[in-house]
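Taking the hints into account, I'd like the entire structure generated from these sequences.
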Amino acid sequence: MVTLDTNATIEDRPTQPAGIRTTRGYRVFQVVNGLILTGVVIATLYPIVNIVARSFSSDGYIRSGKVNLLPRGFNVTTYKAVMTNSMFWTDYRNTVVYTVVATVVAMVLTTAYAYVLSKRDLRGRGVLVGVAVFTMFFSGGLIPNYVLVTTLGLKNSVWAIALPNAISVFNLLVMKAFFEGLPVELEEAAAIDGLNTYGILWRVVLPLSKAVLATMVLFYAVSFWNSWFAAFLYMDHSDLMPVTVYLRNLIYGSTNATSVGASEADASALGANIQAVTIVLTTLPILVVYPFVQRYFVSGVTLGAVKG
Amino acid sequence: MNNISRRSMLVSLGAASLGAATLGLTGCSSDSGSDDKGKDLSKNREDAMDKFGVNEQFKAAKPIAFTTLLNDNPGYPEKAGWLFWTELAKRTNVTLKPTVVPLSDYENKRSVLIGSGSAPALLPKTYTGQEVPFVASGAILAVSDYVDLLPNYRDKVARWNLQGDVETLLQDDGKYYVLPGLHQDVWIDYTFAIRTDILEELGLQVPETLDDLHNVLKAMKAAHPDSYPMSDRWNQPTAGGALLQTIGQAYGCGYGGGWGYQNATFDTAAGKFVLTGAMDQYKGMIEYVHTLVAEKLLDPESFTQTDDQAEAKFTSGKSFVISTNAQELVNIYRPGLAKSVPNGKVAKIPVPIGPAGAVKVGLRLENGLMISTKARDSKDFVAMMQFVDWLFYSDDGQIFAKWGVEGVTYTRDAAGNFHLTNDVDYVGLNPTATKKLNVDFGFSNGNFAYGGSTQLLESTFSQEEKDFQKVMNARKTLPVPPPHPLNADEQEQFALYEAPLKDYVQQQTLKFILGDRPLSQWDAFKSELKGKNGDQYLSLINGAYDRYKKSKAGGDKS
Chain A
1 MVTLDTNATI EDRPTQPAGI RTTRGYRVFQ VVNGLILTGV VIATLYPIVN
51 IVARSFSSDG YIRSGKVNLL PRGFNVTTYK AVMTNSMFWT DYRNTVVYTV
101 VATVVAMVLT TAYAYVLSKR DLRGRGVLVG VAVFTMFFSG GLIPNYVLVT
151 TLGLKNSVWA IALPNAISVF NLLVMKAFFE GLPVELEEAA AIDGLNTYGI
201 LWRVVLPLSK AVLATMVLFY AVSFWNSWFA AFLYMDHSDL MPVTVYLRNL
251 IYGSTNATSV GASEADASAL GANIQAVTIV LTTLPILVVY PFVQRYFVSG
301 VTLGAVKG
Chain B
1 MNNISRRSML VSLGAASLGA ATLGLTGCSS DSGSDDKGKD LSKNREDAMD
51 KFGVNEQFKA AKPIAFTTLL NDNPGYPEKA GWLFWTELAK RTNVTLKPTV
101 VPLSDYENKR SVLIGSGSAP ALLPKTYTGQ EVPFVASGAI LAVSDYVDLL
151 PNYRDKVARW NLQGDVETLL QDDGKYYVLP GLHQDVWIDY TFAIRTDILE
201 ELGLQVPETL DDLHNVLKAM KAAHPDSYPM SDRWNQPTAG GALLQTIGQA
251 YGCGYGGGWG YQNATFDTAA GKFVLTGAMD QYKGMIEYVH TLVAEKLLDP
301 ESFTQTDDQA EAKFTSGKSF VISTNAQELV NIYRPGLAKS VPNGKVAKIP
351 VPIGPAGAVK VGLRLENGLM ISTKARDSKD FVAMMQFVDW LFYSDDGQIF
401 AKWGVEGVTY TRDAAGNFHL TNDVDYVGLN PTATKKLNVD FGFSNGNFAY
451 GGSTQLLEST FSQEEKDFQK VMNARKTLPV PPPHPLNADE QEQFALYEAP
501 LKDYVQQQTL KFILGDRPLS QWDAFKSELK GKNGDQYLSL INGAYDRYKK
551 SKAGGDKS
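Residue numbers (UniProt numbering), protein chains in the order written: chain A, 1 to 308; chain B, 1 to 558.
Hints are computed from structural coordinates only; laboratory data are not their basis. Mixed in with the good hints, there may be bad ones.
[As the list claims (entries may be wrong)] Which residues of chain B face chain A? A few of them, derived with a C-beta cut under 8 Å, are: (1) 72; (2) 74; (3) 104; (4) 107; (5) 109; (6) 339.
[To be verified] What follows is a list of derived Cβ distance ranges for each label pair: (7) 156(A) <-> 335(B): 40 to 46 Å; (8) 151(A) <-> 107(B): 21 to 27 Å; (9) 239(A) <-> 435(B): 51 to 57 Å; (10) 428(B) <-> 291(A): 44 to 50 Å; (11) 487(B) <-> 137(A): 33 to 39 Å; (12) 84(A) <-> 428(B): 37 to 43 Å; (13) 107(B) <-> 137(A): 25 to 31 Å; (14) 358(B) <-> 156(A): 52 to 58 Å; (15) 111(B) <-> 151(A): 16 to 22 Å; (16) 306(B) <-> 285(A): 27 to 33 Å; (17) 237(B) <-> 108(A): 41 to 47 Å; (18) 289(A) <-> 111(B): 16 to 22 Å.
[To be verified] Chain B is nowhere near these chain A residues, computed Cβ spacing over 10 Å in every case: (19) 35; (20) 51; (21) 107; (22) 124; (23) 200; (24) 233.
Glycine included, each C-beta is placed from N, C-alpha and C at the ideal position.
Printed below as a string of structure tokens:
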């Protein structure tokens, strides 16, 4: 069973020391582990493959529930329709802009904050950590947040999305732990060589932190790419919405409009595969990015975590 | 991840969250208190018409703008260039400035906007009952105080005898807070679709009563012993949503079971509310459906499967009867069936008549419009109310919102029938056209076009659907239950009883139907409802009803 073996090897690489003979119990464990993971792979992969298959299938086959792993009644008409829809691309562009801007802002602020917090001799450090952690447990609540953002005049701009979500406390703490793990001697040496605080951060610390930076970029970018709530709340026009809101509305519209006895004007017949097509087009970029950042991703998270 | 970042929203501003909380409070409190300013409208008459009457064209004295919330339907996403906006401005001098909210989360955003005091003046697409949570905050205008500004609205309520329906909207203070969409007649859309070719094949008539339906299903089963002749759908949010609603209404238990289920039904003979789940009529509905299941005529999966699964069974020819509405028949069943059973024919049958007789049940109100209290203080308030009255309630306004501009999007023949112009399509009436009435022009938009006369409602129906409506319209409409407005304390108590009671009844209903619980335990079930606060629930509602009766009697005398 090829899949099983592959799985097992990948999983075992870090834990199984080379040249040591495996016990029987361990081999049983490997097999069971492989089986379970194969199950997990199937369970996670099936919906994705199914969505892709649906996106290329014709309406009739989807409605009668005949599409599983392979497209039936292959066609790309819906792809053409969605891709020529100007609102889809407007919202898509918004998603890209929001993600890039928000990730840059978040990275700058989180890095700066985390670096400061990593200095053990800093006075008032406990308070600064406390301010951040406090927000993990208590928040202002939906309506106060809305009033704040509105009063600050951020509504209908990218800042309504980028600023309130700029620092994720979880990411902040992971980064802080990572910075704390860097040898103090390096920074002292750099200081003796004449670098000021910013120079040390920029020329010494950050180049050594590529793993955690890549991880954080991924965390932030994925969360901003997927997020819809902030945009939905603070944007008042459909041409300002990210594609996630567009997609959410589309799926909701086609599943609910006809089924809960909505008024006649709401009953809109959307093609059965239009959701699938939009899902594929929306998730594609972030899926493509994943493999490239993945190696940093694993090492980045564990590094920070173990040394915290 | 997302949650964490949302929780940390204010981190960059440090302890500003406390400040924001204070702002939130002031945001809310500044809205309330404008209740008792009396009815002096002399400062709010700017741009209004001096004399505005029934079926008169409203036009503001100079161009003005009103803000509105807009429920954005993915089927026809909002476009700034819609003819609806421009023509509206031309006819009324009013420009609507929409805050566009995706349909998926419309209610959430509306709550936030109202709660934060930044709601637009007009809040359309408010379903009956959705206004209740906002009443206590004072952010929503008691529109019943201002109906004298709405001549068309009053005219339609009076002419179509809708006073009883409108009174169901009353709150404990004797006012109502939403301007409902008004229907001339109860509009029945849900019924059963049946394979008429199978009926012909077996030499059967279209079933007229529930007993006929039972016999038809038996004959179908006899001819096709391997299949369930009926397999049903619509199990969200309530199992058997459409099926139990239809059959429950035919048995005479108020709005029926399923989607229509309400814990209390008004017993006209006794003059008080009783528990729907304990009614003999409700038991009748359960017995009927249970028989269908027990005789293997109705697929037991009818109460759990998804719509897709049920549709697939019907369109692939495995089942012959399924719940339907006008849209599903045309959009799903016919095209689906044509693929797998080319000779198959399907029709929407008039709702089978049950022990309650040839009646129809329903409220003649549609979703409607809330108005922000803030708008009351604007100098254009009267003009805004006149505008609302024209657009939502005048004949011209309703035709405009639904059909658009004569000569551009539609024409009318001598008999008054509406026809789309050549290049315009709506719900498949003009399939070769390249433009759509709602997508490209913004008419027949669920925010502005609903309700109206039966003629207007049926103007977009196919001939087949008109025939169905003709049969249904000949049936007697049952009176709506009387109002029983709860006060704020009762409302809270009510909310505590409501959901558990409802869940329990619906859960046990399914058990009885599927045979998991024998019907011999019916009396035990009735006493279990007491354990679910059934009696307290009833005394709450009947108490409120008595209070309403007294206040009404007192009000009439004075």
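Quick rundown of the hints versus the structure:
no., hint, result
1, 72, "holds, 6 Å"
2, 74, "holds, 4 Å"
3, 104, "holds, 4 Å"
4, 107, "violated, 12 Å"
5, 109, "holds, 7 Å"
6, 339, "holds, 5 Å"
7, 156(A) <-> 335(B): 40 to 46 Å, "holds, 42 Å"
8, 151(A) <-> 107(B): 21 to 27 Å, "holds, 24 Å"
9, 239(A) <-> 435(B): 51 to 57 Å, "violated, 21 Å"
10, 428(B) <-> 291(A): 44 to 50 Å, "holds, 45 Å"
11, 487(B) <-> 137(A): 33 to 39 Å, "holds, 36 Å"
12, 84(A) <-> 428(B): 37 to 43 Å, "violated, 22 Å"
13, 107(B) <-> 137(A): 25 to 31 Å, "holds, 28 Å"
14, 358(B) <-> 156(A): 52 to 58 Å, "holds, 55 Å"
15, 111(B) <-> 151(A): 16 to 22 Å, "holds, 19 Å"
16, 306(B) <-> 285(A): 27 to 33 Å, "holds, 31 Å"
17, 237(B) <-> 108(A): 41 to 47 Å, "holds, 45 Å"
18, 289(A) <-> 111(B): 16 to 22 Å, "violated, 36 Å"
19, 35, "holds, 30 Å"
20, 51, "holds, 15 Å"
21, 107, "holds, 13 Å"
22, 124, "holds, 13 Å"
23, 200, "holds, 24 Å"
24, 233, "violated, 6 Å"
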